[in-house]
Amino acid sequence: DVKVTQSSRYLVKRTGEKVFLECVQDMDHENMFWYRQDPGLGLRLIYFSYDVKMKEKGDIPEGYSVSREKKERFSLILESASTNQTSMYLCASASPGQGNYGYTFGSGTRLTVV
Amino acid sequence: DQQVKQNSPSLSVQEGRISILNCDYTNSMFDYFLWYKKYPAEGPTFLISISSIKDKNEDGRFTVFLNKSAKHLSLHIVPSQPGDSAVYFCAANPRPYTNAGKSTFGDGTTLTVKP
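These protein sequence lines are chains S and P, in that order.
For the first sequence, position 77 (counting from the first letter as 1) is numbered 77 according to our numbering, and the numbering increases by one without interruption.
For the second sequence, position 71 (counting from the first letter as 1) is numbered 71 according to our numbering, and the numbering increases by one without interruption.
What the hints contain is simulated information worked out from the structure, not anything from laboratory work.
Predicted model only: the values in this text are computed from it and were never measured.
We put the beta carbon where it would ideally sit given N, CA and C, even for glycine.
Some hints could be false.
Covered, in the sense of this in silico footprint (three residues per stretch, anywhere, with C-beta under 8 Å from a C-beta of chain P), are these stretches of chain S [stated by the list, open to error]:
id, stretch
1, 61 to 67
2, 102 to 109
List time: in silico EDC-like cross-link candidates among lysine to aspartate or glutamate, alpha-carbon distance up to 16 Å [stated by the list, open to error]:
id, chain 1, residue 1, chain 2, residue 2
3, S, LYS53, S, ASP38
4, P, LYS102, P, ASP55
5, P, LYS102, S, GLU62
6, P, LYS71, P, ASP84
7, S, LYS3, P, ASP55
8, S, LYS71, S, ASP38
9, S, LYS71, S, GLU17
10, P, LYS102, S, GLU69
11, P, LYS102, S, GLU22
12, S, LYS70, S, ASP38
13, P, LYS102, S, ASP26
14, S, LYS53, S, GLU72
15, P, LYS68, P, ASP107
16, P, LYS56, P, GLU42
17, S, LYS18, S, GLU56
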């Protein structure tokens, strides 16, 4: 069964900490994405990557950075965690070869910054 | 400017009845439209899609209708079951190899199916 695996389901971090969220996919997908989901705000794109070492900012990149050193792995980094970054973080991957491509999402990481 | 809109944040229906979730879009260059379903504490899962050259696609209890002239699509669930209670996201895809294959999502509609 194809998978997108996020390293942690729940995380609690302190304000100011550097936080790493890891995502691995086993489908050889070119594209990978990081979203955050907050009540009433839907899915907001933070960063995405369409190739190794390539990245593009999404709608809300401030306070975040990403790393994609290998095709299967896409990491989200919170440089200095703040309470307003408490959220559900979702990683996804896709292969845009055909127009009806759907994203495969991970199970999410619920991050709480205290 | 939000290109994909789900104007109803929530919908409540009785078990066995029809659920209709709506989605509007503004960009006529979208090539495919998709629906995802999300349970709490889980990631969204792909449900059904429709090509911009079709007006209907059916998969079991789920049917998606596309009205290109109105830039409107809807997801029908018949009959609705309590297990269908979830957040439903509408999404639109550009033509392949444009915009690095990035989907545009609506804000979601929370469906509650009451027993």
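Evaluated hints:
{"no.": "1", "hint": "61 to 67", "verdict": "violated (count 0)"}
{"no.": "2", "hint": "102 to 109", "verdict": "holds (count 7)"}
{"no.": "3", "hint": "S/LYS53 - S/ASP38", "verdict": "violated, 28 Å"}
{"no.": "4", "hint": "P/LYS102 - P/ASP55", "verdict": "violated, 23 Å"}
{"no.": "5", "hint": "P/LYS102 - S/GLU62", "verdict": "violated, 19 Å"}
{"no.": "6", "hint": "P/LYS71 - P/ASP84", "verdict": "violated, 26 Å"}
{"no.": "7", "hint": "S/LYS3 - P/ASP55", "verdict": "violated, 31 Å"}
{"no.": "8", "hint": "S/LYS71 - S/ASP38", "verdict": "violated, 28 Å"}
{"no.": "9", "hint": "S/LYS71 - S/GLU17", "verdict": "violated, 27 Å"}
{"no.": "10", "hint": "P/LYS102 - S/GLU69", "verdict": "violated, 20 Å"}
{"no.": "11", "hint": "P/LYS102 - S/GLU22", "verdict": "violated, 20 Å"}
{"no.": "12", "hint": "S/LYS70 - S/ASP38", "verdict": "violated, 29 Å"}
{"no.": "13", "hint": "P/LYS102 - S/ASP26", "verdict": "violated, 20 Å"}
{"no.": "14", "hint": "S/LYS53 - S/GLU72", "verdict": "holds, 12 Å"}
{"no.": "15", "hint": "P/LYS68 - P/ASP107", "verdict": "violated, 21 Å"}
{"no.": "16", "hint": "P/LYS56 - P/GLU42", "verdict": "violated, 28 Å"}
{"no.": "17", "hint": "S/LYS18 - S/GLU56", "verdict": "violated, 21 Å"}
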